[in-house]
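Enquirer: Protein chains in written order, with this note's numbering: chain A, 5 to 220; chain X, 3 to 476; chain P, 369 to 683.
Examples of chain X residues lying across from chain A (beta carbon under 8 Å, computed):
1) Val123
2) Val145
3) Ala148
4) Trp149
5) Val153
6) Ser156
7) Ala160
8) Leu163
9) Leu164
10) Val168
11) Asn170
12) Phe171
13) Asn195
14) Gly197
15) Val198
16) Ile201
Derived by calculation from the structure, the hints in this document are not laboratory data. For glycine and all other residues, C-beta sits at the position ideal for the given N, C-alpha and C.
Single-letter residue listing:
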Amino acid sequence: MYVQLLDLACGALLLTAVLVLWRRELVVIIRVFALQGAALAVLVGVLAAHENSAELWAVALGVFVLRAGVLPYLLRRALAGAGESRREASPLVNVSASLLAAAALTLLAYAVSQPLVALAPSAATQAIPVGVTVVLIGFFVLVTRRRALSQLVGFLLMDNGITAVGFLTTTSVGLVVELGVSLDVLLAVLVLQVLTTRMRETFGDTDLDELRELRD
Amino acid sequence: MLGALVHLAFGWRRATTWVSAASAGFVLATAIVLAVEVSRSGPVTAMAGLLRVDALSAFMVLVIGAVGLVATAATPAYFRAEIDDGRATARTAARHSLLVQLFLATMALAVLAANLGVVWVAVEATTIVTAFLVGQRRTRASVEAAWKYVVICSAGIALALLGTIVLNFAAAHAPGTAGLDLATLSAHASGLNPGVTRIAIALLVLGFGTKAGLAPLHAWLPDAHSQAPAPVSALMSGVLLSVAFYAILRVKVISDAALGAGFARTLLTVMALASLALAASLLIGQRDYKRMLAYSSIEHLGLVAFGAAIGSPLALTAALLHVFGHGLAKAVLFLGAGRVLQFTGTSQIDGVRGLIARHPALATTFGFGVLALAGLPPFSLFASELGIVRAGFTAGLGWQTTAALALVLVIAAALITNTSRMLLGAPSTSDTPAATPIPIALAGGLLACAVLGIVAGPLPALLDLATQPLAVTR
Amino acid sequence: MSALGVVGGVVQPVLIVAGSPLLVGVMRQVRARLEGRAGAGVGQPWRDLRKLLRKERIAPRGTSEVFRFAPLVLVATTLVVAVVVPFVATESALDPVADLFAVVALLALGAVALALAGLDTGTAFGGMGASREMTILALVEPTLLVAIFALSVRVGSTNLGTIVSSTLQDPARVISPVSLLAAVALVVVIVAETGRIPVDNPSTHLELTMVHEAMVLEYAGPDLALVELASAMRLSVFLGLLANLFAPWGIATEATPLAVLIGVLALMVKVGVLGGLLAAAEVFVAKLRLFRVPELLAGSFLLALLAVAASFFLA
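Turn these sequences into a full structure, and let the hints steer you where they fit.
Expert: Next comes the structure, spelled out in structure tokens:
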């Protein structure tokens with residue numbers, strides 16, 4: 005039962021990552037991202053139930069609040085001010101090509117994480133490639149999307165993937181580090197949100213194609 | 003003593019003009035005390051084992067303090083000019099000083115932390131704190147620079163986080179180690195699983211390399227450095243890059259013990275040579291002098307990385323000395339460039355002609371600074387570059403060193419040509435020569451750099467201590 | 369060849385041939401009711417077929433044998449699939465043919481025959497429909513293979529009967545990421561392959577959008593009846609496959625009349641419900657522009673691939 009729930013949570017993680025890559029409407033992307041946060045929380049919760057640790061339950065709750073509540077809320081607020089530009093109109097790599105690229109990234113993630121799985125084979129570590137895939141897909145979104153908000157989601161996707169890997173490998177990297185990481189992510193999103201607002205003020209848009217002034 | 007330092011750094015202060023400088027000076031003073039303490043009685047631990055000072059940390063705090071002092075000492079003059087021209091308000095200045103304090107504090111935390119996870123948190127925190135400093139002017143270009151800076155650095159640093167987690171995983175399954183304490187990790191590194199550690203090290207070096215401005219993830223650096231206000235550019239270029247590199251040095255120790263010297267050496271050599279080549283190709287045709295300085299930072303960090311890649315005690319000592327010298331010289335230059343920008347209103351090299359006729363004192367400082375960057379004696383960069391090259395040849399990295407040397411020469415030539423176009427020649431407008439007072443800070447910084455080059459003072463003992471645990475044992 | 373296999377091999381094709389026009393009728397009726405129309409009744413497709421079959425055979429001038437044989441090939445391949453795939457009984461009359469790759473290849477063969485016929489007419493619409501169909505087919509087939517393959521990895525066999533019976537024995541497998549991802553991929557692929565909205569609209573003759581209809585535009589009389597029947601059968605076959613891969617309950621595992629009867633009823637209910645859902649979904653979805661179709665199919669391919677990957681690393 006534990007293994008199946010764990011696998012199911014990982015499957016949801018993977019599916020939501022793919023959906024972010026697939027869909028164009030930013031509203032939908034944010035909703036999918038919130039779902040992914042929830043899936044991550046479920047993953048941590050399943051681990052908590054397995055290890056029977058109250059601390060981990062608290063962490064799961066924290067993950068849920070931060071990633072399925074606060075961060076999507078911030079994104080939605082950034083979007084609300086965006087006016088008409090609510091679609092990722094033309095990514096640098098078109099959607100079908102990026103979906104195929106994601107397929108390749110999956111295989112890459114699987115190949116790369118072999119030593120990790122081999123070090124301590126268990127149901128949890130066998131799901132590490134899923135986390136790595138989410139990281140790679142997030143990186144891909146970050147690199148190929150033009151809307152400020154999509155890039156932000158890409159960054160958060162990476163972070164979700166990293167967190168997933170973190171929980172799947174060992175259940176703790178120390179409380180201080182955990183808190184620091186969460187705080188850093190939250191602050192980074194806040195900073196980027198403020199920057200998005202400023203960008204809209206100065207550029208009138210959040211299409212990053214406008215960012216052409218600085219180059220050699 | 004440590005508590006005092008941290009307290010001070012985190013201290014919540016209103017920006018009365020000289021407080022920043024005073025606190026930076028205090029950091030420097032504490033650093034000197036620390037250095038003496040450490041070289042006399044070995045590593046010190048504080049805050050329930052979260053902070054730990056060994057010689058390398060002490061040296062880095064020294065660099066932070068010194069460069070911080072130079073930068074903050076020049077800040078009041080800079081803001082006076084900005085406010086006079088209506089480009090900034092007192093509130094901006096106050097916020098600026100507050101953020102700079104936080105910036106210094108996070109950097110100090112990064113080099114003092116005993117735990118790799120805390121190092122990561124601190125380095126990422128520097129990104130967040132400086133984001134608004136970069137975008138301070140709120141122009142199109144500066145918002146663009148800030149966005150690129152935060153996105154690229156955060157993404158790069160995220161890779162380092164993944165590396166940290168993977169390393170933690172490896173540590174949890176190795177005998178004698180648990181968690182991410184740097185000292186324990188280095189001591190027991192040989193027990194780590196090589197396959198897993200290799201992934202972790204590659205991610206960590208790439209991630210922190212982003213923050214250190216090493217190729218291939220360097221794209222944020224020229225933009226951020228050219229758009230940030232002068233004191234911030236000075237700090238970022240002078241110390242932030244080296245702080246990120248400090249993390250790489252720590253990682254390299256673990257890597258050498260777990261995987262042998264070859265892995266990290268190859269990785270760093272490739273990144274270093276790529277950075278050098280990139281800086282050289284973009285410096286030759288550079289038209290913007292702040293970007294010119296930014297690319298020169300990439301070059302120097304590339305050199306430091308090369309020094310670390312060689313890994314012999316001589317190379318490491320030289321690399322650390324290079325960090326110090328480069329920090330001072332680059333801080334002076336960015337501050338000088340900030341003044342030039344205020345006087346001329348343009349950051350184009352072509353827009354600045356005959357500076358030496360109009361602002362002789364400033365132009366002289368700037369000129370000497372560039373000479374220092376180009377690695378000419380008597381400045382310390384000459385000594386350290388020489389050290390790295392010598393170490394490179396003795397370590398049997400012949401052709402890599404030759405390539406690096408050739409690239410450095412190209413860069414020096416490009417720098418000097420570009421600068422001479424700015425300084426010499428007839429002034430385009432009929433300005434009367436203005437007697438601009440150069441801030442003492444600038445001259446002081448240069449002087450320190452020169453002194454460092456001639457007599458290394460009490461530093462060698464500290465440097466020796468710092469490099470001892472880092473060096474590759476063969 | 370077991371008794372169950374023989375029973376299945378006889379019952380299944382009869383059921384598919386007789387039932388598939390009814391399925392189309394049900395789907396049209398559901399749509400009509402949802403759109404507020406009375407609808408033509410469930411039996412209308414059969415009445416259409418009867419009318420067409422009574423007409424005279426007629427072929428456009430200049431067409432070759434390809435044009436004439438294509439409907440036969442289409443019906444024949446679909447019929448073979450209907451015989452071998454485990455719809456009513458877990459065992460197959462021709463066990464070696466009930467293989468994943470053989471079934472997908474048979475279905476593709478039919479589609480290719482029809483596309484060739486479209487080209488053979490030499491008209492603009494026929495060629496256009498054929499080229500579009502080939503584009504979609506090129507994307508659909510690999511997805512189909514990979515998605516079913518993901519399900520077969522755990523079983524260790526590509527035999528569809530084995531896959532179905534192993535799911536029957538271990539129902540918990542249905543709630544796993546592999547099944548989840550593969551199911552989503554399969555649904556998308558089946559929608560595309562059978563020419564439903566949002567990929568193709570079966571009830572349009574608008575030249576800009578039609579795919580399947582463009583290919584069969586030149587057919588008339590009994591040939592058209594065969595093509596229509598074959599399309600309906602393909603739809604039933606795909607829906608039946610989907611139903612039995614993920615919810616095989618009710619399928620006959622022994623050759624008693626009762627078990628077979630339950631199997632028949634279960635299949636009818638499952639396929640009927642799926643068809644109803646599909647028709648209901650079509651009411652609410654707009655057709656995709658043709659150049660967006662590859663995107664949809666690339667997505668489903670990715671999901672199928674992820675399913676395979678998951679079946680390996682979440683084993």
